[in-house]
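**Q** Protein chains in written order, with our numbering: chain W, 584 to 892; chain L, 584 to 892; chain Y, 584 to 892; chain E, 584 to 892.
Treat the hints with caution; some may be incorrect.
Copies of one chain are not kept apart here, so a pair can be met inside one copy or by any two copies together.
Here are the computed lysine-lysine pairs in the DSS-like style, where the Cα-Cα straight-line distance is at most 30 Å [said to hold, decoys possible]: (1) K837 with K724; (2) K760 with K870; (3) K693 with K594; (4) K724 with K881; (5) K601 with K724; (6) K739 with K870; (7) K616 with K693; (8) K693 with K607; (9) K801 with K837; (10) K837 with K601; (11) K760 with K693; (12) K886 with K801; (13) K837 with K711; (14) K801 with K724; (15) K760 with K837; (16) K760 with K607; (17) K711 with K616; (18) K693 with K881; (19) K886 with K739; (20) K747 with K711; (21) K693 with K870.
Keep in mind that the hints were calculated from the coordinates and are not lab data. Model, not experiment: these values are computed from the prediction.
Number of protein chains: 4
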Amino acid sequence: MQCRSVNELQKLVDDAKKYTSTGKVADYIPALKNANKDSLSIALFYPNGNCYSAGDVTENLTLQSISKVLALALALMDRGQEYVFDRVGQEPTGDPFNSIAKLETSVPSKPLNPMINAGALAVTHMIKGDSVEERFERLVKFIRRLSGNISLGYNKDVAMSEFKTTDLNRSLCYFLKQHHIINEDVEQLMDLYTKQCSIEMNCLDLARIGCVFALDGKDPISEEQLIPHHVARICKTFMVTCGMYNASGEFAIKVGIPAKSGVSGGIMGAVPGRFGIGIYGPALDEKGNSVAGIELLKMMSEKYSLSMF
Amino acid sequence: MQCRSVNELQKLVDDAKKYTSTGKVADYIPALKNANKDSLSIALFYPNGNCYSAGDVTENLTLQSISKVLALALALMDRGQEYVFDRVGQEPTGDPFNSIAKLETSVPSKPLNPMINAGALAVTHMIKGDSVEERFERLVKFIRRLSGNISLGYNKDVAMSEFKTTDLNRSLCYFLKQHHIINEDVEQLMDLYTKQCSIEMNCLDLARIGCVFALDGKDPISEEQLIPHHVARICKTFMVTCGMYNASGEFAIKVGIPAKSGVSGGIMGAVPGRFGIGIYGPALDEKGNSVAGIELLKMMSEKYSLSMF
Amino acid sequence: MQCRSVNELQKLVDDAKKYTSTGKVADYIPALKNANKDSLSIALFYPNGNCYSAGDVTENLTLQSISKVLALALALMDRGQEYVFDRVGQEPTGDPFNSIAKLETSVPSKPLNPMINAGALAVTHMIKGDSVEERFERLVKFIRRLSGNISLGYNKDVAMSEFKTTDLNRSLCYFLKQHHIINEDVEQLMDLYTKQCSIEMNCLDLARIGCVFALDGKDPISEEQLIPHHVARICKTFMVTCGMYNASGEFAIKVGIPAKSGVSGGIMGAVPGRFGIGIYGPALDEKGNSVAGIELLKMMSEKYSLSMF
Amino acid sequence: MQCRSVNELQKLVDDAKKYTSTGKVADYIPALKNANKDSLSIALFYPNGNCYSAGDVTENLTLQSISKVLALALALMDRGQEYVFDRVGQEPTGDPFNSIAKLETSVPSKPLNPMINAGALAVTHMIKGDSVEERFERLVKFIRRLSGNISLGYNKDVAMSEFKTTDLNRSLCYFLKQHHIINEDVEQLMDLYTKQCSIEMNCLDLARIGCVFALDGKDPISEEQLIPHHVARICKTFMVTCGMYNASGEFAIKVGIPAKSGVSGGIMGAVPGRFGIGIYGPALDEKGNSVAGIELLKMMSEKYSLSMF
């Protein structure tokens, strides 16, 4: 079954939108505070280039943690699977995304997976290039190709705001540096990482990237293989086991698709073989996921039988 | 692609068997120590009733942790989703299966998921019946229907051996009792749980049960719905996110199918829509999974494109 | 400087008594709930047999955690220092008294010290005797000698109430059993331990026992060495480093004497070379210490220069 | 009882020196690696100015963690007790000195005590002054007064070596900064802290400072009150409850005096009312304490009845 009309989608959005009142906009990054708590938009991107959307899909969002998946894809392409997983684990965790405690009690001390901050920092560290600028440029180009939007960039205000307040990530980085998982200057890595998190796009772009993952790495229109098949598969696996912070298990049961959320309120989803999803709803639940976005995906999963399981 | 002949399967088994030398038979349950470390067998069960096998598939194994999935299915059928997940979480964890620490630091103090021991004990506690005998009888009957083997029972020696040595599970139970997650006599629950873990079958039985899950709960021959669709789906989701102890993440990436292992060396797998898998290889890796069994599944996943992701 | 009159002491009690309103009577042991929240009494016992008191010192209290020090003294006399500290550590901990998490992460898995529940259970396990009855009888006789009160016994209602509700201690015991730190039947040890915790006396008895510790193990009147010098010293050391749950550090700074509290609201103190203290004030602060008792000791420590430091 | 002659002391040193072979020189700070593993020296400083010593007491050592006590004294004098303990706790901990995990699980997130690195960094942060230079100058002047050695300074090589390698402390600082316990530039604090740790003196200086603490803050010769009485008392309390890393509990039992060790192999001890102790023996046990130094103190404690308990 699939979504047949914009009206159908709009109705689901209207139903899900009620949940925005139960959430809160992220406030630990100053620049995110100004988001409109009530908004909810969605785009679906199909292999043939068709696209349905509802809500104000022209609103931009910053990727935040969604960028972890894209950086992982690029790092795997840059370094290979073995190199990456020698330095970052593959196991889900019941701990919060910004936890440092497990780093200390694990032997050897490596981040449990690339979707928690510690692991994501180690992954971003692996992106190749001679300078922060070059590495960031390579990442942006990669994301432009995935989204088909050649003009996308990053939000300087958000990046600067994060750079100034991201002391917990600095703490994680120095811990990783002590344990030889990263070896570059921490401020450089912070610069690169906060820019990565601040890459900006709208739901349509996000849905198109989701569609690339849904198609095992192929461009939905040109059918060019933008990401190697096995890399796309690895990314989707992490999206299932740990894409939704420490609500990933529940999401896998209730929705059952590879998806990655960010504290900006974005969610990128990939329904294998079928279509990509981009959602923006900045009101978050206590785990840091878009509260209305998750409700919307639950309704859609039931209505259109999206679950892989 | 699918396995075309017993010879093809036998060849894979021969290749995977080399890995048995790198593992160790479980020794913390005295009755498991006598297993033949070198053995490896596999059965594949298809919806039409076809079955391929290799190795000595008549050897019996006890289910151990594999039983956690079956008890979960029954508890969900007995109590409903809401009741069960009010008492046991749905999140994967990076901690070992027998850990108690996370119980203490979580608020509220509920087991993270039904695949770790604390969660499995809470689930078994939920199986309905007026006595341990009746509850166990209900579970055995349920498993007989899933396997189509009406004569299967449990191994009394293994059950007794586990009952005597399972003090860590008693510790978990009293912790759960203190926190009102269970409220029955602990020795009764230990009796039921150790019997459940000691239910005995061979790889063919295991593969047929796997096939029921692969078919969303339907009997592969009669097509009767033995497990409600949504319950089968929930079970498969947990098999993906936490079925292989704290190697589940890596397994999802390298193999990519719902599977559950036990320290007896058994693995039950379900390739969605396609077939069920039963494996027995008692030599374990350090995480507690059949070392040759996992290698065999990796080879098969690659050769037959089994990954869901 | 020392307390010169009952009036002086009464005045301090009156001042400290105001703090009872900020505390709460322990409610997790049903039989403790009925204590009079507002009461506060104190006795000081001097080497010459002199005794000052204020408040209703005839009220009985059960020892609860105060008994941990006395059981430790007996276990050290029964088994020797090496045996005891091979099985229980000597280090203070920032964790709550009933924590199990540190047991799991410590290697080898031994309780951090004899003042947390896990350690106290291991210590009580070491008390010699052929049966629970004999071991308890030996402990009671020992405490009768220390207090000079030959008629003291235990409160059956409290013991039974604790026995029924002490599942967290059962959890700790099975954990210790799994790790071979205890090897007796858990229900037997629970029987012994809950009786030990329920030994009953009044402030005068408690002050006299405190005086024995203050005098390095000597009876304050007969001067008989009731506890070997080195055992008394070890006990006082633990009272300083971990006698007041996880407020021990602050207590050492603000009061600075060896003391042990219990959730009944009792505190036993020993001012080295000078006198013993018995306090009963059942309103507890959030750490589980008598809130008015601690205020009273702070005032006394300042007024009479009691700190060892 | 007290040490009567240098010969007596020399004999004890000779006996204790055998233990140096069981230890290892700290190697995580490059500049400490070159210490002579076999050396052991001690000085005792008495209130009358008398001083006994044995071994090569002219050898210099850097204070390392011993400096934590001195910085605490100055911060308490600068800020007052309430300010300091609003930001740093007073409780001992069973965790290693450089642990970050407890910071995360504690609510509110404040370091458990001033003797673990997280707490010491917060304390050093509190030392008053308009610049790192001024704050360090104030600390050095304070220590010169305590030691009576007006020429002591810091070891630039060690400071630089630590500054370069102290990424774990940087990690702790950023964690503290995120939680608003410190608010200065981390590199500045690292500069100040590594200089503080690298303050250099010999055993005689160390013994004289120990004597100041033994005399409740008074200069042993001029009797001037260099540290307020209550500040000296607080420092001695922490030395007892957490002065010897996570071997403090055992040390309190076996030796029983306020003492603080550093990974350079130094130990500063204070026998209340009697004398100060300075020890240098760079071979460390696995907890990070001078292995021969501790044996020497055990012998002395027994021979001269030093224990406070």
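**Q** Could you work out which of the previously given hints the structure breaks and list their numbers from low to high?
**A** 3, 4, 5, 17 and 19
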